[in-house]
Amino acid sequence: MNMLENLDTLGLANFKKLIDLIIPKKERRQSRIIIDYIRIYTQLNNAFNLLNREYCRRAMEYISVARNIIRENKFEEEKPYLNRILNILNSILRNRETVISKIKKEQASDPFHIKTSVLLAQNICILRILKINKY
Amino acid sequence: MKFPKLLFDKEKLIEYGITNAKKPRAELHFPKIFFDHENFEAYEKIFSNVVIVDAHTHIGRDKDGHGIDGQAFIRQMKMAHINKSIVFPLNEPLSRNFTKSNESVYRFGRKYPDRIIPFFRLNPKSRWKKEYEKRVMQGFMGIKLHPRSQDFGIASSYAMKIYGRAEKSKLPVLIHAGFGLDNIADDIKKVIGNFPKLRLILGHSAFVDFEKTIKNTANSPNVLFDTSTLRIFDLLRLINSVNYGRIVFGSDVPYYDFDIALEMLVDTAIICNKKPNEIKAILGSNILRWFK
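Residue numbers (the numbering used here), protein chains in the order written: chain B, 1 to 135; chain U, 1 to 292.
Check the hints yourself; a few may be wrong.
Stated by the list, open to error - Below, a list of computed lysine to aspartate or glutamate pairs in the DMTMM-like style, where the Cα atoms sit at most 20 Å apart:
#: 1; chain 1: B; residue 1: K102; chain 2: U; residue 2: E133
#: 2; chain 1: U; residue 1: K63; chain 2: B; residue 2: E77
#: 3; chain 1: B; residue 1: K25; chain 2: B; residue 2: E78
#: 4; chain 1: U; residue 1: K45; chain 2: U; residue 2: E278
#: 5; chain 1: B; residue 1: K104; chain 2: U; residue 2: D64
#: 6; chain 1: B; residue 1: K115; chain 2: U; residue 2: D62
#: 7; chain 1: U; residue 1: K161; chain 2: U; residue 2: D186
#: 8; chain 1: U; residue 1: K190; chain 2: U; residue 2: E211
#: 9; chain 1: U; residue 1: K275; chain 2: U; residue 2: E44
#: 10; chain 1: B; residue 1: K105; chain 2: U; residue 2: D62
#: 11; chain 1: U; residue 1: K84; chain 2: U; residue 2: E41
#: 12; chain 1: B; residue 1: K131; chain 2: U; residue 2: D209
#: 13; chain 1: B; residue 1: K131; chain 2: U; residue 2: E41
#: 14; chain 1: U; residue 1: K129; chain 2: U; residue 2: E103
#: 15; chain 1: U; residue 1: K215; chain 2: U; residue 2: D182
#: 16; chain 1: B; residue 1: K105; chain 2: U; residue 2: D64
#: 17; chain 1: U; residue 1: K63; chain 2: B; residue 2: E78
#: 18; chain 1: U; residue 1: K84; chain 2: U; residue 2: E278
#: 19; chain 1: B; residue 1: K104; chain 2: U; residue 2: D151
#: 20; chain 1: U; residue 1: K129; chain 2: U; residue 2: D182
#: 21; chain 1: B; residue 1: K105; chain 2: U; residue 2: E44
#: 22; chain 1: B; residue 1: K115; chain 2: U; residue 2: D234
#: 23; chain 1: B; residue 1: K115; chain 2: U; residue 2: D182
#: 24; chain 1: B; residue 1: K115; chain 2: U; residue 2: D209
#: 25; chain 1: B; residue 1: K131; chain 2: B; residue 2: E54
#: 26; chain 1: U; residue 1: K100; chain 2: U; residue 2: D62
#: 27; chain 1: B; residue 1: K115; chain 2: B; residue 2: E78
#: 28; chain 1: B; residue 1: K131; chain 2: U; residue 2: E103
#: 29; chain 1: B; residue 1: K115; chain 2: U; residue 2: D186
#: 30; chain 1: B; residue 1: K102; chain 2: U; residue 2: D64
#: 31; chain 1: B; residue 1: K102; chain 2: U; residue 2: D151
#: 32; chain 1: U; residue 1: K100; chain 2: U; residue 2: E41
#: 33; chain 1: B; residue 1: K131; chain 2: B; residue 2: E78
Since the hints were made in silico from the structure, they are not lab data.
Could you build all of it, start to finish, from the sequences and the hints given here?
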């Protein structure tokens, strides 16, 4: 019991203070931004790999998740980039059903242009990660 | 400084729907541009007296709905500070021999002769000879082939006939070597072997069969790699493994953006420790030497 109490006193509040001490506020903010970009990139990567006849519906779900991550993001300074990615994802999701039916009908046609769009969004994420990491 | 303003650009922000306000919100926070402020010195050197040529762009409307018209194309080019673009048609619906879409590119090229380097598109499986003659007479500067869209092999007998004609008339051929294809290195080797003087641009740098293609084209100075729609990791690989003299800048507009493609290339090249004059060559002079 004593030990648990000690842990509690030493616990989260102190841990946060410790983090504040070790990692300056600016860097913490940058880390969070980078983590968000990694999250978006990961979802897009999953989608990219599933853009085939069998799993295209699931790919769209991953794109949807990426869109939600962007919508939840509160980092104002990243808005231009995130909006750019959002526009790309919106244009894919707007035509979701047409895209799925086209992929199912002919796997070799449309999916590749969607892949290019997803690729563009992924590249923006990577570029931002590289840049933020340098500041 | 004359380097692209990209997302610092108010018009760009409005175009992207980021803001409608007179003063973009972006001005309130600094890191709004893709270009890295730490590299300003390098940018100054790269973008002074540079002619930026985009070696891979389309106009028209594709079967899949993607498209761009001439006006929007020129506007976006200016925004990204691209001086010239190699332009060819998209895979337009009901366009078996591309006569109509080649005509659009011709008109576009006539309207902007200083900015547009027109390439015509052919379907090797159609009766292309008449179309070929007509476009060469009109002053088109090269040919675009797309093995996946027109469903032919890179080294198929259909395509070989076109390479032969192009080699004779010294017309560069830009061939799609990206999504939708695989194991293309041996075919490319066969083409180079048969037509050693053919000027060949590998669209998307043949990233689908990259290592083997680099090996197979190592001794072919007439083969260029365009950087359009590459993953940033593939671009790093390309810049690190292929001589800068054989890399040319490409965007694949309207599937991609001029500015993001440009930024990605310049920054990746800086990461790879390329010198400003080498990056300048990639951005323009490597491809321009074919049109002198």
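Okay, the hints, checked on the actual structure:
In summary, the hint linking K102 of chain B to E133 of chain U is not supported, as the alpha carbons are separated by about 36 Å, beyond the 20 Å threshold. The suggested pairing of K63 of chain U with E77 of chain B is violated, with an alpha-carbon distance near 37 Å, which exceeds 20 Å. The straight-line distance between the Cα atoms of K25 of chain B and E78 of chain B is roughly 17 Å, inside the 20 Å bound, and the hint therefore holds. Under the criterion of a C-alpha separation no larger than 20 Å, the hint pairing K45 of chain U with E278 of chain U is consistent with the structure, at around 11 Å.
The suggested pairing of K104 of chain B with D64 of chain U holds, with an alpha-carbon distance near 15 Å, which does not exceed 20 Å. For the given pair, K115 of chain B sits about 16 Å from D62 of chain U by alpha-carbon distance, which is consistent with the 20 Å threshold. The suggested pairing of K161 of chain U with D186 of chain U holds, with an alpha-carbon distance near 18 Å, which does not exceed 20 Å. The straight-line distance between the Cα atoms of K190 of chain U and E211 of chain U is roughly 16 Å, inside the 20 Å bound, and the hint therefore holds.
The suggested pairing of K275 of chain U with E44 of chain U holds, with an alpha-carbon distance near 12 Å, which does not exceed 20 Å. Restraint check for K105 of chain B and D62 of chain U: satisfied, since their Cα atoms lie roughly 18 Å apart, inside the 20 Å limit. Taking the CA atoms of K84 of chain U and E41 of chain U, the gap is about 24 Å. The hint is violated against a cut of 20 Å. Taking the CA atoms of K131 of chain B and D209 of chain U, the gap is near 29 Å; set against the 20 Å cutoff, the hint is violated.
Pair hint K131 of chain B plus E41 of chain U holds up; C-alpha atoms about 16 Å apart against a cutoff of 20 Å. Proposed proximity of K129 of chain U and E103 of chain U is supported: the alpha carbons are some 16 Å apart, at most 20 Å. Annotation: proposed proximity of K215 of chain U to D182 of chain U holds, straight-line Cα distance about 16 Å (limit 20 Å). Distance check on the hinted pair: K105 of chain B and D64 of chain U sit about 13 Å apart at the alpha-carbon level, within 20 Å; holds.
A threshold of 20 Å between alpha carbons decides the hint, and for K63 of chain U with E78 of chain B the separation of about 34 Å lies outside it, so the pair is violated. A threshold of 20 Å between alpha carbons decides the hint, and for K84 of chain U with E278 of chain U the separation of about 19 Å falls inside it, so the pair holds. This hinted pair checks out: K104 of chain B and D151 of chain U have alpha carbons roughly 19 Å apart, not beyond 20 Å. Distance check on the hinted pair: K129 of chain U and D182 of chain U sit about 29 Å apart at the alpha-carbon level, beyond 20 Å; violated.
For the hint linking K105 of chain B to E44 of chain U, the alpha-carbon distance of about 50 Å lies beyond 20 Å, and the restraint is violated. Taking the CA atoms of K115 of chain B and D234 of chain U, the gap is about 15 Å. The hint holds against a cut of 20 Å. Taking the CA atoms of K115 of chain B and D182 of chain U, the gap is near 16 Å; set against the 20 Å cutoff, the hint holds. Taking the CA atoms of K115 of chain B and D209 of chain U, the gap is about 17 Å. The hint holds against a cut of 20 Å.
Among the hinted pairs, K131 of chain B with E54 of chain B is inconsistent with the structure: their alpha-carbon atoms are about 37 Å apart, more than 20 Å. Between K100 of chain U and D62 of chain U, the direct Cα distance comes to roughly 13 Å. Compliance with the 20 Å bound is thereby established for this hinted pair. Restraint check for K115 of chain B and E78 of chain B: not satisfied, since their Cα atoms lie roughly 24 Å apart, outside the 20 Å limit. Of the pairs offered as hints, the one joining K131 of chain B and E103 of chain U is violated, with about 43 Å between alpha carbons and a cut-off of 20 Å exceeded.
Restraint check for K115 of chain B and D186 of chain U: not satisfied, since their Cα atoms lie roughly 25 Å apart, outside the 20 Å limit. Pair hint K102 of chain B plus D64 of chain U holds up; C-alpha atoms about 10 Å apart against a cutoff of 20 Å. Simply put, K102 of chain B and D151 of chain U have alpha-carbon atoms about 18 Å apart, close enough for the 20 Å limit, and the pair holds. Proximity of K100 of chain U to E41 of chain U is assessed by CA-CA distance (about 46 Å); at most 20 Å being required, the pair is judged violated.
The straight-line distance between the Cα atoms of K131 of chain B and E78 of chain B is roughly 12 Å, inside the 20 Å bound, and the hint therefore holds.
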